[in-house]
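Undergrad: Take the sequences, apply the hints, and build the full model.
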Amino acid sequence: MSATAAGSVPQGRVLLLIPTTSYKAHDFLDAAERLGLAVSVGSDQPQVLEAFSQGGSVTVDFHDQERGLRQILDHAATYPLAAVLGVEDVTVRLAAEAAAALGLPHNPPEAVRASVDKLASRRALAEAGLPVPAFHVLGPADDRARAAREVAYPCVLKPLGLSASRGVIRADEPAAFLAAASRIATIAGTGPLLVESFIPGREVALEGLLTGGRLQVLALFDKPDPLDGPFFEETLYVTPSRLPEATQAEVRRLAQAMAVALGLEEGPVHGEFRVGDDGVWPLEMAARTIGGLCARSLRFPTGASLEEVVLRHVIGRPLAEGGPAEGASGVMMIPIPKRGRLRAVEGQAAARALPGIEEVTLTIPLGQEVVPLPEGDKYLGFIFARADSPDAVEAALRAAHGELDIVIG
Amino acid sequence: MFIQTEPQDDPNVMKFIPGREVLSTGMVHYLDAEQAAGSPLATRLFAVDGVRSVAFDQEAIILHKAEEADWRLLKAPVLGIVMEHFVAGRPIVEETPATSDEPEMIGEPGPEASELRELIDTRIRPAVQPSGGDVVFRGIDAEGIVHLETTGSAASFLSRIEAMLKHYVPEVAGVREFLDTATKPGLVTPEGQAVREVLEERINPAVAGHGGHVALVDVQEDTVYIRLEGGCQGCGMADVTLKHGIEVEIRRAVPAIAQVLDVTDHAGGTNPYYQPGKGGISAV
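The listed protein sequences correspond, in order, to chains U and H. Numbering-wise, the first sequence is residues 31 to 439 according to our numbering. Numbering-wise, the second sequence is residues 5 to 288 according to our numbering.
Don't take every hint at face value.
[Stated by the list, open to error] Which chain U residues face chain H? A few, computed with CB under 8 Å, are given here:
#1 Leu59
#2 Val71
#3 Ala379
No lab work stands behind these hints: they were computed from the structure. Cβ atoms here follow ideal geometry from the backbone N, Cα and C, with glycine treated the same way.
TA: Right, dumping it as structure tokens:
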């Protein structure tokens, strides 16, 4: 049974577990500063100025959970903690275990474990009676050729871990199935694969906050670009959704049901859904905020960022007017057109000058290699827009992207 | 009259302290003799070969010399001029010094300069000012380099400003920080010197291990402006380094400092130590 955020406000710092390769360190620290909140950052590598940090930085082993837990408890003995928050998938489970050990609000660790494992997640949703695509596991020792003959097409192959569509490949026939399995092995290793039926339709994403198991929906994003494979590179996120209200209500209902099925009870969640002709299909739910820098597309009452909303939640000081994101906004994760060395991104000024465009941010330095999906593990950059309507946001994002000339040599 | 000299961390900067009031309030700073026309003392000091800039505060005359000049040769004429000036009771400043409203300009006026000034005034300054900075156009030189004087957080916008100016004015070849070549008054205050000491003796030796460097850009009242360079520029953990390292140590060593602001153009980093990526394991 997990503790809840209700009741008295705990005293002490908030420990943010942030991998050194996270996109989110700046935004979480910025939010903490605006709130006047004392935070420590636990990261997987020693911070270069850790000796000066007066407990502001602590090295935590994210891969050896027992060792990482001991490091957090040692830190908490000197610097009492009010909450522990994992901001990326690789840290959410350790955050839950540490918070549980310290008697702080937390998700049940087993629930978080299920949320970061595609197979465990599928099983939990299916056992709860939620609509999920037909799925089975392809183990390393299984006969791939036989599996390729017997599976129903089209299907999608996925590694059990990884995020942001890495290693996710659609196959329409046996040769493509075998090629996809081999390719995924080079990306994610030779572990088991999840093989599931492909569900036609558009995708939506939901950003929410759980309090004692009750879901508060913060934003619902349309993903207007088709995600039909063979790879699933996410590009546009636009909110509020333009889906019919009944469909949106069904997404919200399923999101709450997913949280219950997985056992998630506290903190941020990011859920993904397919909307087809035959209804809404829940795909996955992660116990963290939206990936990359995408949260910058959201603004809440009083101008709060998503990170601020989440930090307020973990210390039991929710926004007085906590509600869904204000206005229409969106983000484009700039697609990587091909593999190579990034030589230039021309047209940024013209893109920024377009009405509705708030920012164009590149996140791969010039001169470095860029790799598209399914292997790629970095975003090229982000375009953010805000306008009167979702249609205007989408148009602005597409126009801004059209101004960019991405030179890859 | 005894004039005390006080070397600064920057070997090209020295304070001359006459032991009596220099300015009744504030601080003035001259970059050349033309700008110093309203100050008889500064005008005479610029006549000394090797003097690059002159600043006055309430208690000192602060000189910045050229790299190749030698204080052993400069001190005697400077001390003579200062001594004679104070003994004669001449004013330090006769008229209001030049301000950023009437800045020294680089290059010739022309259609490009007019267009650039309008762009900066109508598009760039309104975007920069809400973040606590400002940009003043100081001209475009023969090579197409636009010289901008930035204050506060504006330095962090330089690469975006450059992209915008290049987009609208094809003659623009690049953008340069005008004040990078001048001594900023805040850097020669006791707080400025103490902050520089912390950076050079404690912070920079540590961040060098990640190929990084922290440059002191300015100190204004209780605020320090820094620029992260090398491996720190664009690093995914730059904010942790700043807020849980640099700021903690500076505030501990210099209690008068309330905040440290990063004016780095992180998008311009070419080799950040930690590069963000789609890390971790997840179903989504």
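Undergrad: Now, for every hint given, state plainly whether the structure supports it.
TA: Right, here's what the structure says about each hint:
With 8 Å as the threshold, the beta carbon of Leu59 (chain U) comes within range of chain H, its nearest partner Cβ sitting at about 5 Å, so the hint holds. A distance limit of 8 Å between C-beta atoms decides the matter here; for Val71 (chain U) the minimum to chain H is near 5 Å, and the interface restraint holds. Given the 8 Å rule on beta carbons, the hint for Ala379 (chain U) holds: about 4 Å separates it from the nearest Cβ of chain H.
Of the hints listed earlier, there is not a single one the structure fails to meet.
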